[in-house]
Amino acid sequence: MTLMLQRTSVVNYLKVETLSFSSILEIGDATYTQGFSRAIAIQREAEAFFGYEADFKSYSTFTDPIPIPPITETISINTLQLNPIIKVQKIDVIGVSSSSILQIGNAKHISMESRVDHIRHLLSNHSDDK
Amino acid sequence: MNFQVYNRDLCVGDIRVIGVASSSLLMVGDTQTIQLASIFDTPAESLIIGPFVPLTPK
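Sequence lines, in order, name chains A and B. Here my numbering is used: the first residue of the first sequence is 1, the next is one more, and so on. Here my numbering is used: the first residue of the second sequence is 1001, the next is one more, and so on.
Each statement offered as a hint is correct.
Here are a few chain A residues that face chain B, going by a calculated C-beta distance under 7 Å: (1) Ser37; (2) Ala54; (3) Thr61; (4) Leu80; (5) Lys87; (6) Ser97; (7) His121.
Hints listed in this document are in silico derivations from the structure and should not be mistaken for laboratory results. Every value quoted in this text rests on a predicted model; they were computed, and no experiment measured them. C-beta: ideal position from N, C-alpha, C; glycine also.
Please build the complete structure, drawing on both the sequences and the hints.
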């Protein structure tokens, strides 16, 4: 396999307001990057917090395997760097969250996974209000 | 398959992003492999109508 770690990234100005929940801002190269995030997102019609409520294990969203289709064809990649610089004038990001990554630089292998179970909880029928 | 790549000038002005979330990636650079997987589920059972009690998963 051809090595592609050849270009240099040049960013003149970078502004990030918030980095949260295991997110990474990486300036430089990486060999292996792996990210994983799980969330049970519950929206209630009114404010109600119970603290610990559920186990990830009880939802298939978090236990089902995600199949990765195999690459059967052999591909030979040949890259020619005619100008080995990637230039960006300005990057302005408000938020990076939930195991996300903002990287300026090269990486070899990246693998990211996200699982979200979204639940809406409404109060009993109040459609007869009229 | 033979895949020939010529990287010529790459120059970008401004990048403005509101959010990068849920194992997403914003990158300025080269990568050999990227693998992304995501599940977002809102099944029928996840619309609960009734009094507010803590979740009691099956």
